[in-house]
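*Asks:* Given next are the chains, with one letter for each unit.
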Amino acid sequence: MAEETLVKKLKVLNEYGIHARPAALLVKAAGKYECDIFMEKDGNKVSCKSIMGLMTIEGFPGCTMTVTTSGSDAKKAMDEIEELFLNKFGED
Amino acid sequence: MAITVNTLWEEGSENLSLSIIAGEQYLDRKLQETTMNRPGLALTGFFQYFANQRLQIFGLAEFTYLKSLPQAEKVKRLEDLFKQQIPGIVITRNRKASKEILALAEQYKVPVLRTSMVTMNFVNECTVILEKLTAPQERIQGTCMELMGIGVLLRGDPGIGKSETALSLIERGYSLVSDDVTEVRKTTRGRLVCWANEVTRYHMEIRGLGIIHVPSLFGVAAIRRQTELDLVIDLKPPTGNEDRTGVHPDEIEIMGVKVPCITLPVRSGRDMANIVEVAALNQKLKELGHDAAKELDDKIINRLTKGRVRNG
Chain A
1 MAEETLVKKL
11 KVLNEYGIHA
21 RPAALLVKAA
31 GKYECDIFME
41 KDGNKVSCKS
51 IMGLMTIEGF
61 PGCTMTVTTS
71 GSDAKKAMDE
81 IEELFLNKFG
91 ED
Chain B
1 MAITVNTLWE
11 EGSENLSLSI
21 IAGEQYLDRK
31 LQETTMNRPG
41 LALTGFFQYF
51 ANQRLQIFGL
61 AEFTYLKSLP
71 QAEKVKRLED
81 LFKQQIPGIV
91 ITRNRKASKE
101 ILALAEQYKV
111 PVLRTSMVTM
121 NFVNECTVIL
131 EKLTAPQERI
141 QGTCMELMGI
151 GVLLRGDPGI
161 GKSETALSLI
171 ERGYSLVSDD
181 VTEVRKTTRG
191 RLVCWANEVT
201 RYHMEIRGLG
211 IIHVPSLFGV
221 AAIRRQTELD
231 LVIDLKPPTG
241 NEDRTGVHPD
251 EIEIMGVKVP
261 CITLPVRSGR
271 DMANIVEVAA
281 LNQKLKELGH
291 DAAKELDDKI
301 INRLTKGRVR
311 NG
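In order, the protein sequence lines correspond to chains A and B. So in my numbering, spot 25 of the first sequence is number 25, and the numbers just go up one at a time. So in my numbering, spot 203 of the second sequence is number 203, and the numbers just go up one at a time.
No wet-lab data here; the hints were simulated from the structure. There could be a bad hint or two in this list.
Straight-line C-alpha distance at most 25 Å; calculated DSS-like pairs for lysine-lysine [to be verified]:
hint, chain 1, residue 1, chain 2, residue 2
1, B, Lys-83, B, Lys-109
2, B, Lys-306, A, Lys-41
3, B, Lys-299, A, Lys-88
4, B, Lys-294, A, Lys-28
5, B, Lys-299, A, Lys-28
6, B, Lys-132, B, Lys-258
7, A, Lys-88, B, Lys-109
8, A, Lys-9, B, Lys-306
9, A, Lys-8, A, Lys-75
10, B, Lys-306, A, Lys-11
Computed from a prediction, not measured in an experiment: that's the story for all the values here.
Start from the sequences, fold in the hints, and give me the full structure.
*Replies:* Given below as structure tokens:
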């Protein structure tokens, strides 16, 4: 499969932002894929496969994150990450 | 749960300094109520309320009172007591049982025991033993260790490395309670106490080595007779679905008691003993009221909420 790179801006919709539980969900989802997945905000870029990284990126409620996936399964990974954002990480 | 006087005799005769002075053949009498009664009031002739299903304790008070009675009255009062189908009598302070008591014990088929302990100490000690004997008990699969006062039960499929992990923990200076088969008792305080089966106690089976005797190899500091259970650790092949934050820890129920439960993925080359050690330390910290995962999450939520972006 072709190597591809996808970039999407995703908005944090849940009440408390990216705290421990959403971070854990993102890491678990990202961990399933071969491709590199990064999350960027205000010039800070962390791996979406690192829970400590995600907890330091300050995913405030209402802010927008830039997610980059690159690799053979980039599309699938991006779909799942986007789904999590849209579902407010299963929170209110 | 009712036990017989014989069970108490077999399990407690040593700690309670007991000897049998009459009615040995009647030791199978049941203690319907597994506690004790001082029959002083019954000896005065009051039977409207008498706990006749309990073990009857004859202490200094009973003996002094009996001594104050005329002989004929004394025999009558004692006989009235024996007629109540009491399960057994214990005489404390090594007092000599009178001829009358011995004769009545035979006549009414009641075992009579004697202890050198004073009544108060006997009652305290015997209560603890009776509680142990009647507590609900189960046998569960798992290796039990004690780490710095924290009781940890390691579970997992055969061959996953429970015993190997236990061995590494012993080498780090912690203590083995039981290998692979653990007896559990629920105390009246709602805690679980683990210990090992009498026969295999302090032995371990290590694959490729066979059976070893832990205190012979590592010294008596490497073993613990029993421990209260604080944490269950399940060793499992990796699934990718493990807990990543520890903010919402799992619990399992053993005999109706909830115990925190952690699932650890086992990969070759991973130092499980080290992780189990940290898990136990972390549990100790939580019991002291310091939950690191939750505190960090609260801190992050606090920061994130302050930075909320409106219409962003």
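*Asks:* Now tell me, hint by hint, if it's right for this structure.
*Replies:* Tested hints:
{"no.": "1", "hint": "Lys-83/B - Lys-109/B", "result": "holds, 10 Å"}
{"no.": "2", "hint": "Lys-306/B - Lys-41/A", "result": "holds, 17 Å"}
{"no.": "3", "hint": "Lys-299/B - Lys-88/A", "result": "holds, 20 Å"}
{"no.": "4", "hint": "Lys-294/B - Lys-28/A", "result": "holds, 19 Å"}
{"no.": "5", "hint": "Lys-299/B - Lys-28/A", "result": "holds, 22 Å"}
{"no.": "6", "hint": "Lys-132/B - Lys-258/B", "result": "holds, 20 Å"}
{"no.": "7", "hint": "Lys-88/A - Lys-109/B", "result": "violated, 76 Å"}
{"no.": "8", "hint": "Lys-9/A - Lys-306/B", "result": "holds, 22 Å"}
{"no.": "9", "hint": "Lys-8/A - Lys-75/A", "result": "holds, 11 Å"}
{"no.": "10", "hint": "Lys-306/B - Lys-11/A", "result": "holds, 17 Å"}
Hint compliance for this structure: hint 7 is the single one not met.
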